[in-house]
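Those sequence lines, one after another, are chains A and B. Letter by letter, the first sequence follows residues 1 to 556 of my numbering. Letter by letter, the second sequence follows residues 1 to 556 of my numbering.
Source of the hints: derived by calculation from the structure; they are not laboratory data. Fair warning: there could be bad hints in the mix.
Said to hold, decoys possible - Footprint (simulated), chain B over chain A, 3 or more residues, beta carbon under 8 Å:
1) 200–208
2) 228–242
3) 252–262
4) 308–319
No residue lacks a Cβ here, since even glycine has one placed at the ideal position from N, Cα and C.
2 protein chains.
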Amino acid sequence: MDRQHLIETASGRRQPDVVFKNGKIIQVLTGEIVTGDIAICDGTIAGVGCYDCPNIVDLEGRYVSPGFINAHCHVESSMALPEIYCKEELRSGVTTVITDPHEIANVAGSAGIQFMLDRSEHLPIHYYVQVPSCVPSTPLEHAGSVLKAEDLRQFLHHPRVTGLGEMMDAKGVVQCRPDVMEKLTLFQGKILDGHLPSAPQEVLQSYCVAGIATDHESVAFEEARAKLRGGMAVLIREGSGSKNLEAIVKGVVKEGLDTARLAFCTDDKHLLDIHNEGTIRLCIQRAIRLGMNAITAYQLATINAARIYGLKRTGAIAPGYRADLVVLDSLEDVTVRDVYFGGVSVRELDRIPPMPAIPENIRHSVHLPALGEDSLVLPDQKRYRVIRMVENQIITQKVEVGKEKVQRLMQEGKLLKIAVIERHHATGYIGVGLLDNYGLKNGAIATTVAHDSHNLILVGDNDRDMLLAARELSRVQGGYTLVREGKVQATLELPIAGLMSDRGLPELTGKIQELTHIAYSMGVNAKMDPFIALSFLALPVIPEIRITDLGLVEVE
Amino acid sequence: MDRQHLIETASGRRQPDVVFKNGKIIQVLTGEIVTGDIAICDGTIAGVGCYDCPNIVDLEGRYVSPGFINAHCHVESSMALPEIYCKEELRSGVTTVITDPHEIANVAGSAGIQFMLDRSEHLPIHYYVQVPSCVPSTPLEHAGSVLKAEDLRQFLHHPRVTGLGEMMDAKGVVQCRPDVMEKLTLFQGKILDGHLPSAPQEVLQSYCVAGIATDHESVAFEEARAKLRGGMAVLIREGSGSKNLEAIVKGVVKEGLDTARLAFCTDDKHLLDIHNEGTIRLCIQRAIRLGMNAITAYQLATINAARIYGLKRTGAIAPGYRADLVVLDSLEDVTVRDVYFGGVSVRELDRIPPMPAIPENIRHSVHLPALGEDSLVLPDQKRYRVIRMVENQIITQKVEVGKEKVQRLMQEGKLLKIAVIERHHATGYIGVGLLDNYGLKNGAIATTVAHDSHNLILVGDNDRDMLLAARELSRVQGGYTLVREGKVQATLELPIAGLMSDRGLPELTGKIQELTHIAYSMGVNAKMDPFIALSFLALPVIPEIRITDLGLVEVE
Numbered sequence: 001m002d003r004q005h006l007i008e009t010a011s012g013r014r015q016p017d018v019v020f021k022n023g024k025i026i027q028v029l030t031g032e033i034v035t036g037d038i039a040i041c042d043g044t045i046a047g048v049g050c051y052d053c054p055n056i057v058d059l060e061g062r063y064v065s066p067g068f069i070n071a072h073c074h075v076e077s078s079m080a081l082p083e084i085y086c087k088e089e090l091r092s093g094v095t096t097v098i099t100d101p102h103e104i105a106n107v108a109g110s111a112g113i114q115f116m117l118d119r120s121e122h123l124p125i126h127y128y129v130q131v132p133s134c135v136p137s138t139p140l141e142h143a144g145s146v147l148k149a150e151d152l153r154q155f156l157h158h159p160r161v162t163g164l165g166e167m168m169d170a171k172g173v174v175q176c177r178p179d180v181m182e183k184l185t186l187f188q189g190k191i192l193d194g195h196l197p198s199a200p201q202e203v204l205q206s207y208c209v210a211g212i213a214t215d216h217e218s219v220a221f222e223e224a225r226a227k228l229r230g231g232m233a234v235l236i237r238e239g240s241g242s243k244n245l246e247a248i249v250k251g252v253v254k255e256g257l258d259t260a261r262l263a264f265c266t267d268d269k270h271l272l273d274i275h276n277e278g279t280i281r282l283c284i285q286r287a288i289r290l291g292m293n294a295i296t297a298y299q300l301a302t303i304n305a306a307r308i309y310g311l312k313r314t315g316a317i318a319p320g321y322r323a324d325l326v327v328l329d330s331l332e333d334v335t336v337r338d339v340y341f342g343g344v345s346v347r348e349l350d351r352i353p354p355m356p357a358i359p360e361n362i363r364h365s366v367h368l369p370a371l372g373e374d375s376l377v378l379p380d381q382k383r384y385r386v387i388r389m390v391e392n393q394i395i396t397q398k399v400e401v402g403k404e405k406v407q408r409l410m411q412e413g414k415l416l417k418i419a420v421i422e423r424h425h426a427t428g429y430i431g432v433g434l435l436d437n438y439g440l441k442n443g444a445i446a447t448t449v450a451h452d453s454h455n456l457i458l459v460g461d462n463d464r465d466m467l468l469a470a471r472e473l474s475r476v477q478g479g480y481t482l483v484r485e486g487k488v489q490a491t492l493e494l495p496i497a498g499l500m501s502d503r504g505l506p507e508l509t510g511k512i513q514e515l516t517h518i519a520y521s522m523g524v525n526a527k528m529d530p531f532i533a534l535s536f537l538a539l540p541v542i543p544e545i546r547i548t549d550l551g552l553v554e555v556e
Numbered sequence: 001m002d003r004q005h006l007i008e009t010a011s012g013r014r015q016p017d018v019v020f021k022n023g024k025i026i027q028v029l030t031g032e033i034v035t036g037d038i039a040i041c042d043g044t045i046a047g048v049g050c051y052d053c054p055n056i057v058d059l060e061g062r063y064v065s066p067g068f069i070n071a072h073c074h075v076e077s078s079m080a081l082p083e084i085y086c087k088e089e090l091r092s093g094v095t096t097v098i099t100d101p102h103e104i105a106n107v108a109g110s111a112g113i114q115f116m117l118d119r120s121e122h123l124p125i126h127y128y129v130q131v132p133s134c135v136p137s138t139p140l141e142h143a144g145s146v147l148k149a150e151d152l153r154q155f156l157h158h159p160r161v162t163g164l165g166e167m168m169d170a171k172g173v174v175q176c177r178p179d180v181m182e183k184l185t186l187f188q189g190k191i192l193d194g195h196l197p198s199a200p201q202e203v204l205q206s207y208c209v210a211g212i213a214t215d216h217e218s219v220a221f222e223e224a225r226a227k228l229r230g231g232m233a234v235l236i237r238e239g240s241g242s243k244n245l246e247a248i249v250k251g252v253v254k255e256g257l258d259t260a261r262l263a264f265c266t267d268d269k270h271l272l273d274i275h276n277e278g279t280i281r282l283c284i285q286r287a288i289r290l291g292m293n294a295i296t297a298y299q300l301a302t303i304n305a306a307r308i309y310g311l312k313r314t315g316a317i318a319p320g321y322r323a324d325l326v327v328l329d330s331l332e333d334v335t336v337r338d339v340y341f342g343g344v345s346v347r348e349l350d351r352i353p354p355m356p357a358i359p360e361n362i363r364h365s366v367h368l369p370a371l372g373e374d375s376l377v378l379p380d381q382k383r384y385r386v387i388r389m390v391e392n393q394i395i396t397q398k399v400e401v402g403k404e405k406v407q408r409l410m411q412e413g414k415l416l417k418i419a420v421i422e423r424h425h426a427t428g429y430i431g432v433g434l435l436d437n438y439g440l441k442n443g444a445i446a447t448t449v450a451h452d453s454h455n456l457i458l459v460g461d462n463d464r465d466m467l468l469a470a471r472e473l474s475r476v477q478g479g480y481t482l483v484r485e486g487k488v489q490a491t492l493e494l495p496i497a498g499l500m501s502d503r504g505l506p507e508l509t510g511k512i513q514e515l516t517h518i519a520y521s522m523g524v525n526a527k528m529d530p531f532i533a534l535s536f537l538a539l540p541v542i543p544e545i546r547i548t549d550l551g552l553v554e555v556e
């Protein structure tokens with residue numbers, strides 16, 4: 001951006017690069033629909049008023065919004081590389097993503113963070129990074145890496161690092177644990193993201209006074225309101241799994257709450273869902289249908305998120321703002337017709353820029369110990385705590401079963417064996433337990449996508465198939481695999497940190513659909529996504545009972 | 001602020017220093033009235049919820065607002081030193097002022113800015129400074145100092161410097177004049193204040209694209225709206241002279257405009273007016289009476305201004321925010337009962353902290369050339385352009401009078417002589433002209449408060465009294481004086497840079513009232529404030545005709 005060029009263009013002394021005419025501008029700064037020519041210079045809006053040049057884009061009376069902002073997402077959760085992920089975001093109007101490379105950091109540490117920064121460097125999207133604060137998420141498991149404040153310092157001054165990623169260790173904050181305080185202090189002055197599912201008032205106040213500025217974990221309206229009152233921004237989450245928009249927006253509309261500190265995000269959303277319905281455009285559409293003023297909904301999607309993250313030149317159609325524009329056929333249905341990044345149609349930008357080679361340590365991240373017949377033996381106990389899966393939710397329930405019943409229930413296919421194998425450093429840590437309500441028969445399923453430490457999760461009704469599944473994922477260096485009666489049925493290869501595919505959307509989603517189909521045919525409970533459900537079983541921060549490579553964990 | 005103390009207090013492990021109970025909290029973050037105990041630790045709000053300690057302030061059901069913010073003011077215009085000015089602001093609830101020491105900078109340059117920073121260092125108020133961008137205001141006059149970008153650099157990292165003061169040189173911005181660009185670049189990343197009275201669309205767009213972020217010059221609603229659409233924050237001005245609140249607020253309410261980028265300010269307001277009616281509290285009251293939602297009006301007065309100026313811990317009642325609180329007897333009348341700064345009643349803080357000695361160059365700023373009988377001779381012309389004063393406004397009109405009529409009109413008392421003497425460096429520059437509609441007889445009036453260069457203005461119907469008035473102001477080193485028939489009638493001494501008194505409110509306002517009374521008795525037009533009107537006659541940025549030490553200036 002050359003300020004002199006911009007001023008000369010704004011004042012009419014210099015010809016704009018391109019002028020958008022005949023648009024109905026969604027003016028999120030004032031909450032109005034206005035008209036005017038949008039003059040672009042050097043990828044930036046120079047002025048809105050009366051402008052002309054030979055290069056005119058005629059919007060033919062359509063609405064034009066500032067580019068949308070996805071205020072919190074984990075690219076790795078899409079199983080696609082940044083360039084593939086961002087292409088899908090761009091298609092439906094998102095021109096800025098605020099990402100937390102928490103998943104890859106758990107596998108590859110700071111090298112993983114750097115990989116995502118490098119990989120997104122030249123993409124036609126604003127790609128900001130909140131540096132993961134909690135790697136590993138808990139001391140109850142082994143991740144691929146441990147990131148201390150000192151390890152994060154190298155990212156502090158990166159131009160696309162906006163702050164510190166979601167602080168999941170609320171207890172550490174409340175107890176002023178030195179390692180937590182050190183990270184908060186290091187990133188003071190930047191944005192500290194929170195992660196605080198429903199908490200008592202004094203925990204919330206402590207968390208807020210520590211300077212944590214955002215949260216995307218609110219499920220109920222009252223929870224969101226308490227956080228807003230505490231000074232946090234609430235990022236309303238509408239992902240593939242967690243859908244919090246309806247509850248929060250309904251409450252906001254009903255109570256007439258101030259919306260300045262609200263924005264939209266997806267947290268985790270599948271690539272196919274993004275492809276089919278978009279991310280933030282869907283949020284806007286749903287919010288409007290729930291009674292939110294239309295322009296307010298666009299504010300949440302644009303300027304609000306920009307202000308929350310301190311992005312100065314993003315989120316509005318006004319002089320000096322980046323020329324990221326979304327042309328819409330319908331204001332209320334949010335039907336995206338065209339998307340412009342820096343004044344250039346993303347169709348023209350569709351060619352992915354040349355990408356750096358993927359480092360070896362990112363490409364080879366699955367390191368298993370030697371596995372034998374006795375590797376998956378259930379510890380001998382009188383009573384067993386069993387993880388009972390809850391349909392359509394990621395929480396679990398604890399049930400107890402006496403030793404005498406276990407074998408029968410397993411034989412009847414009512415209980416499955418579950419194992420988590422530390423897969424980063426071949427340390428040999430393996431947690432083995434029992435799983436209820438998943439529903440697999442005559443086989444095994446396995447994945448290296450296992451939040452948040454991404455160890456290897458195995459579920460099956462026999463050890464032989466489980467071990468084969470483990471070996472298959474070692475062979476392909478990560479992914480999802482299904483084994484039936486001694487044979488690999490299908491494998492989704494995710495060789496990038498064991499989390500991401502190196503393929504594009506059609507191959508990736510085709511494979512996911514194939515695996516899902518096979519999983520259901522093998523008896524997996526049809527009321528859950530076989531793979532998502534699996535991937536959360538090792539996340540020891542969500543109630544009620546989990547399993548890690550160190551064994552069973554009960555979560556309060 | 002010790003974060004650990006705050007977290008311990010918020011979590012209930014440590015006793016708060018004080019707890020405010022039974023208040024109706026104006027929660028500007030959500031737009032609600034809420035209840036809850038406000039726990040204070042180290043001058044900061046640790047939490048809002050259920051708290052206790054031996055030191056309770058019972059608010060007895062009253063409303064409690066975050067401390068008000070005056071988003072743009074010139075302390076020197078009150079003719080009081082910062083400690084006197086701030087005491088009056090505090091009384092009516094203002095706990096944060098954003099000041100532009102533009103007046104003293106015109107007299108004493110960077111030493112003047114430093115003086116105001118030093119003088120405000122330990123006051124019980126948040127005193128932020130926008131460093132003056134335009135000293136002198138125009139090349140059409142001699143000020144006491146010329147401040148280039150290099151002179152301003154020393155203030156860039158001062159913890160209380162929030163940005164660059166009002167950029168009055170719109171032409172310089174539009175033309176990308178290097179000296180202007182250099183200042184904008186220097187303060188990039190901080191807040192650039194604007195000063196753009198009604199301007200054509202392309203000028204406004206140029207000004208916005210240059211990065212100028214605020215403006216306080218809007219008189220009409222449409223003007224304010226155009227600036228908001230351009231991305232600027234609009235500081236609604238309600239001072240002693242310019243009162244723009246009604247027009248802007250009426251429009252905002254009628255059009256349902258987004259209010260996030262609106263705040264209140266006074267620009268110039270007299271000390272007595274501040275004492276009698278307050279500043280921001282009056283803005284809130286008037287906005288509510290004009291139909292603005294009450295909590296929205298409080299948002300303008302608090303969190304909006306804080307966000308506009310990037311003040312992170314100011315403007316709301318929530319964990320981590322400064323415990324600056326205003327207790328109100330009435331939400332809608334904004335009746336201030338008590339004010340707390342950092343949790344301590346400002347009554348207890350009433351003792352002014354020890355002040356540094358006032359530097360010699362600030363105390364002795366009036367340096368006149370030798371003045372003799374021929375110093376004030378009117379230049380010999382066939383026709384004279386006369387400055388005609390307009391009642392109750394600071395604009396003037398140009399009228400023309402033939403040479404033959406001048407002497408008669410002067411003898412009849414219809415025309416007066418006006419002179420502006422360069423008073424900073426005794427250079428001998430004197431502009432002499434004619435003044436209509438001011439209405440003085442048998443005497444002279446003079447002042448060293450003469451926006452923006454603060455040269456010496458003399459008005460009178462005879463040279464002898466005018467010269468005596470000049471000598472009187474030289475003797476007392478600045479102020480206002482009235483001379484009748486060879487005798488000084490009364491003098492308001494303003495020895496601090498020729499702009500500010502070293503006295504408190506009673507003496508200062510008593511003297512102003514005395515002088516005003518005498519001025520009217522000497523025939524000054526009763527439809528204008530004799531001194532304010534005078535002080536703006538040398539400001540060559542306001543239409544239609546002005547006089548400086550270089551002579552008459554016509555302003556487009």
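Here is what the structure says about each hint:
With 6 residues having a beta carbon nearer than 8 Å to a beta carbon of chain B, the stretch 200–208 of chain A meets the requirement of three or more and the stated coverage holds. Three residues within the 8 Å Cβ limit are the bar, and the stretch 228–242 of chain A against chain B gives 4, so the coverage statement holds. Requiring three or more residues with a Cβ within less than 8 Å of a Cβ of chain B, the coverage given for the stretch 252–262 of chain A holds, as 6 such residues are present. Note: the stretch 308–319 of chain A has 3 residues with beta-carbon separation from chain B under 8 Å; the three-residue rule is met and the coverage holds.
Checked against the numbered hints given earlier, this structure breaks none of them.
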